[in-house]
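Q: First to last, the sequence lines map onto chains A and B.
So in the working numbering, the last one in the first sequence is 241, and the numbering has no gaps at all.
So in the working numbering, the last one in the second sequence is 320, and the numbering has no gaps at all.
Worth flagging that the hints you see were computed from the coordinates, not collected in a lab.
A quick note: this is a predicted structure, and the numbers were derived from the prediction, not measured.
It is possible that some hints are incorrect.
[As the list claims (entries may be wrong)] No more than 30 angstroms apart at the CA atoms, straight line, and that leaves these computed lysine-lysine pairs for BS3-like: (1) B:Lys-204 <-> A:Lys-158; (2) A:Lys-188 <-> A:Lys-8; (3) B:Lys-8 <-> A:Lys-188; (4) A:Lys-8 <-> A:Lys-216; (5) B:Lys-8 <-> B:Lys-305; (6) A:Lys-8 <-> A:Lys-158; (7) B:Lys-204 <-> B:Lys-305; (8) A:Lys-188 <-> A:Lys-158; (9) B:Lys-305 <-> A:Lys-8; (10) B:Lys-204 <-> A:Lys-216.
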Amino acid sequence: MMPLLTTKGLSRNFGGLRAVDGVDFALMPGEIRAVIGPNGAGKTTFVSLVSGRIQPSSGMIVFDGADITGLPAYIRVRQGIAYTFQITSVFANLSAYDNVALPVQRTLSDGRSKGAVRTGVMAALERTGLADRAHMPAGQLSYGHQRLLEVAMGLALKPRLLILDEPTQGLADSEIDNFITLVREIAKNATVLLIEHNMPVVMQLADRITVFNAGKILAEDTPEAIRENAAVQEAYLGTAP
Amino acid sequence: MSEASPAKAYTLHLGVIALLFVLSFLLPEYYHGLLARIMVLAVFAMGYNMLFGYVGLLSLGHAMFFAAGLYGAGLAVIQLGWSVPLAFLGGVACGAVLALVIGLLALRTTGVAFMIVTMMFAQVFYLLILYFATWTGGDQGMVVPQPARVLSLGATSLELTNPTVRYMTALGLFSIVLLITSAIVRSRYGRVLVAIRENEERTKMLGYDTFSNKLAAVVVSGTICAASGAAYALLFGYVGSSFASVQYSILPLLWVLLGGAATTLGPLIGTLFMYYVIDITSGYTSAYLLIVGIALILLVLFFPKGILGSIRQRWLGWLP
Numbered sequence: 001m002m003p004l005l006t007t008k009g010l011s012r013n014f015g016g017l018r019a020v021d022g023v024d025f026a027l028m029p030g031e032i033r034a035v036i037g038p039n040g041a042g043k044t045t046f047v048s049l050v051s052g053r054i055q056p057s058s059g060m061i062v063f064d065g066a067d068i069t070g071l072p073a074y075i076r077v078r079q080g081i082a083y084t085f086q087i088t089s090v091f092a093n094l095s096a097y098d099n100v101a102l103p104v105q106r107t108l109s110d111g112r113s114k115g116a117v118r119t120g121v122m123a124a125l126e127r128t129g130l131a132d133r134a135h136m137p138a139g140q141l142s143y144g145h146q147r148l149l150e151v152a153m154g155l156a157l158k159p160r161l162l163i164l165d166e167p168t169q170g171l172a173d174s175e176i177d178n179f180i181t182l183v184r185e186i187a188k189n190a191t192v193l194l195i196e197h198n199m200p201v202v203m204q205l206a207d208r209i210t211v212f213n214a215g216k217i218l219a220e221d222t223p224e225a226i227r228e229n230a231a232v233q234e235a236y237l238g239t240a241p
Numbered sequence: 001m002s003e004a005s006p007a008k009a010y011t012l013h014l015g016v017i018a019l020l021f022v023l024s025f026l027l028p029e030y031y032h033g034l035l036a037r038i039m040v041l042a043v044f045a046m047g048y049n050m051l052f053g054y055v056g057l058l059s060l061g062h063a064m065f066f067a068a069g070l071y072g073a074g075l076a077v078i079q080l081g082w083s084v085p086l087a088f089l090g091g092v093a094c095g096a097v098l099a100l101v102i103g104l105l106a107l108r109t110t111g112v113a114f115m116i117v118t119m120m121f122a123q124v125f126y127l128l129i130l131y132f133a134t135w136t137g138g139d140q141g142m143v144v145p146q147p148a149r150v151l152s153l154g155a156t157s158l159e160l161t162n163p164t165v166r167y168m169t170a171l172g173l174f175s176i177v178l179l180i181t182s183a184i185v186r187s188r189y190g191r192v193l194v195a196i197r198e199n200e201e202r203t204k205m206l207g208y209d210t211f212s213n214k215l216a217a218v219v220v221s222g223t224i225c226a227a228s229g230a231a232y233a234l235l236f237g238y239v240g241s242s243f244a245s246v247q248y249s250i251l252p253l254l255w256v257l258l259g260g261a262a263t264t265l266g267p268l269i270g271t272l273f274m275y276y277v278i279d280i281t282s283g284y285t286s287a288y289l290l291i292v293g294i295a296l297i298l299l300v301l302f303f304p305k306g307i308l309g310s311i312r313q314r315w316l317g318w319l320p
């Protein structure tokens, strides 16, 4: 099977710092892949390169067999790469409905009918459990609900690759359980790339785990193997157990 | 913007149009003429509001779009002998083309740089008008001759110098632009414009080409402002370079801020308010600009969202 996403020698420098350093990465369709690593390991920079928010210093990104390295972010989104932000950036002054309507109205193939937008928006809001808050301004939602709204916006883009950047940060335990169910459901139709610090979430969700350290891939394996990997433990915990 | 209460908004807009229609028969002559002028200038403010209120792009060069319409229509009548409707369309087309070119160049910048670039382009436009004085009349301007300001509709001909015809034409233009802008801001495109204003980076990450959307907004805004300028030339018969000066770039900003940015009727309220404050205070003192200035400062301090913006925030959430 051909990978959905491949990067070859992908690098990005910020001044003298090599935030991402020659990363070769491949992601198979249908996979849930977790990316973990200590703070400053280059995880967010890596997914920002994939989504096109920042340009690489060198290297190549291939999505679904085509080189997308030079494409602007909005075209990558149209090709099916959706990115949900680490720092919640929903449109605070717009209603939850309007927040989701923005991605829905763009992805509609028949761009005319008003009913289609409403149906699409309410479907995305219902999947994330926000339907009864559709007309609240997004800025007045609780933090957990804003994170879910962020996911609903990503879902509404009908992505083939959904990149979730620390989606459970700041969520309560009960909300995290719902979130895990939601991601499993999303993964039925999409490939998921998940940056996550919460190890129980990672262990439950991921098919495979990629560990970043100092801009490079340190290890890549199944959750069980990563758990036993001494190098990972050293990088992550600072000491060998 | 939201799905809520479109019916209320349409009723309000139609009510305002009906009120302005009735006022035509009630107002004394002086105020009748003043209101006609205010309606034309409110169109200018509505065009400005399209870009400033909804997309959040602060231009300090919109006088050039107004003047493009003004000179486009005026020169077409005076130098080329075009009929009134053709000259109007010519003026509007000048504004649309100018807005497209300026948009392509100025939108490469954002924020303060965008303000400065638009202001510089407007200054270039102003100086070009003075430079080509042979055709434009330089700082003297030009008078559109009365015989040319006739609108021929088949057998009947309407003289635009007639106060009632002038008022009704101004009201017609105002109504069309009001209904068009309120339809735009309620549309999906309007939703994207507001999203760009709120967070452009995020809008890109939802797959929108924000540059093209902003460019379209500049063209719509410039075209509306040019329509106002073209109507001004044909209705009031004067085409002058002062309309291209920086003062006329700042005035629409003030009108919109006063009335309420990103409200459909704010531009009218702001223009009306400013004109009447000037009108009333200048009757009492020669230092009327001082009073206008104080009124503006008080408004910005206590009602930063403008008149309608504050009303919407405090009492009427559905206000369009």
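Q: All the hints need checking, so say for each whether the structure fits it.
A: Verification of the supplied hints:
With a C-alpha separation of about 16 angstroms, the suggested pair Lys-204 of chain B and Lys-158 of chain A falls inside the 30 angstroms cut-off, and the hint holds. Distance restraint check for Lys-188 of chain A and Lys-8 of chain A: the Cα-Cα separation of roughly 27 angstroms lies within the 30 angstroms cut-off, and the hinted pair is therefore satisfied. Simply put, Lys-8 of chain B and Lys-188 of chain A have alpha-carbon atoms about 43 angstroms apart, too far for the 30 angstroms limit, and the pair is violated. Straight-line distance between C-alpha atoms of Lys-8 of chain A and Lys-216 of chain A comes to about 12 angstroms, which keeps the hinted pair within the 30 angstroms bound.
Proposed proximity of Lys-8 of chain B and Lys-305 of chain B is supported: the alpha carbons are some 22 angstroms apart, at most 30 angstroms. Proposed proximity of Lys-8 of chain A and Lys-158 of chain A is supported: the alpha carbons are some 26 angstroms apart, at most 30 angstroms. Distance hint between Lys-204 of chain B and Lys-305 of chain B is fulfilled; the C-alpha atoms sit about 27 angstroms from each other, no more than 30 angstroms. Among the hinted pairs, Lys-188 of chain A with Lys-158 of chain A is consistent with the structure: their alpha-carbon atoms are about 12 angstroms apart, no more than 30 angstroms.
Of the pairs offered as hints, the one joining Lys-305 of chain B and Lys-8 of chain A is violated, with about 51 angstroms between alpha carbons and a cut-off of 30 angstroms exceeded. Distance restraint check for Lys-204 of chain B and Lys-216 of chain A: the Cα-Cα separation of roughly 28 angstroms lies within the 30 angstroms cut-off, and the hinted pair is therefore satisfied.
Figure legend: structure checked against the earlier numbered hints; hints not met, in rising order: 3, 9.
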